[in-house]
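**Q** Sequence:
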Amino acid sequence: MPGEDITVGRIGPPRGVRGELFVQPWTDVPEERFAAGSVLRTEPAEAGPLTVESMSRSGGKTVIHFAGVDDRAAAEALRGVRLVIGADERPPLHDPDEFYDTELIGLQARTVRGAELGPVTDVLHAGGATYLVLDVEGAERLVPFVAAVVPEVDVPGRAVVIDPPEGLFEL
1 MPGEDITVGR IGPPRGVRGE LFVQPWTDVP EERFAAGSVL RTEPAEAGPL TVESMSRSGG
61 KTVIHFAGVD DRAAAEALRG VRLVIGADER PPLHDPDEFY DTELIGLQAR TVRGAELGPV
121 TDVLHAGGAT YLVLDVEGAE RLVPFVAAVV PEVDVPGRAV VIDPPEGLFE L
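The numbering of the sequence shown is full-length UniProt numbering, which starts it at 1 and goes up by one.
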């Protein structure tokens, strides 16, 4: 959603003594998001913004050197900082059946018959499947995020329509 910040990574421990840092990427394309010259805002804001000077991989982990972070002490001071971008900075999704998780969280769920269920509180990716997490009358319910069960997603209208199979909400 425009105006919303999206976390794309979290800074971990320093690597070596020259200011390099391990970064846990929370993005599908770290090589693009953390390309040299990229400027990232931070949470907390006073830690940044940070400009990527270089990115590499070491032992399967992402290593970033930020401009002006040139020693271990400066790197250690950034440990735990989250790297953020604006939601409007994400690449557009071209498939109308694809959504960013953050677009789905907060949508109001209702059944195909119009019964209000509650809000989508989270999106869970588990075992090769995706589930919408709903708050239904104070209870957390998982809804398989497949077209047969979720026939309509209206992000601008802030709603999602659920066609629950029998027994889905009975536990």
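Please keep in mind that the hints were generated in silico from the structure rather than gathered at the bench.
This one's a predicted model, so the numbers in the text were calculated from it and none came from an experiment.
Glycine included, each C-beta is placed from N, C-alpha and C at the ideal position.
Heads up, some of the hints might be wrong.
[Stated by the list, open to error] The calculated label-pair distances, taken between Cβ atoms and stated as ranges, are: (1) 151 with 121: 39 to 47 Å; (2) 35 with 115: 42 to 50 Å; (3) 114 with 135: 17 to 25 Å; (4) 74 with 138: 43 to 51 Å.
**Q** Please test the hint of 39 to 47 Å on the beta carbon pair from residue 151 and residue 121.
**A** violated (20 Å)
**Q** So the hint says 43 to 51 Å: do the beta-carbon atoms of residue 74 and residue 138 match that?
**A** Check passed, 47 Å falls within 43 to 51 Å.
**Q** With respect to the beta-carbon atoms only, verify the hint that residue 114 and residue 135 lie 17 to 25 Å apart.
**A** Taking Cβ atoms as reference, residue 114 and residue 135 lie about 18 Å apart, which means the hint holds.
**Q** Cβ-Cβ distance between residue 35 and residue 115: within 42 to 50 Å?
**A** Taking Cβ atoms as reference, residue 35 and residue 115 lie about 47 Å apart, which means the hint holds.
Consistency note: the structure conflicts with earlier hint 1 alone.
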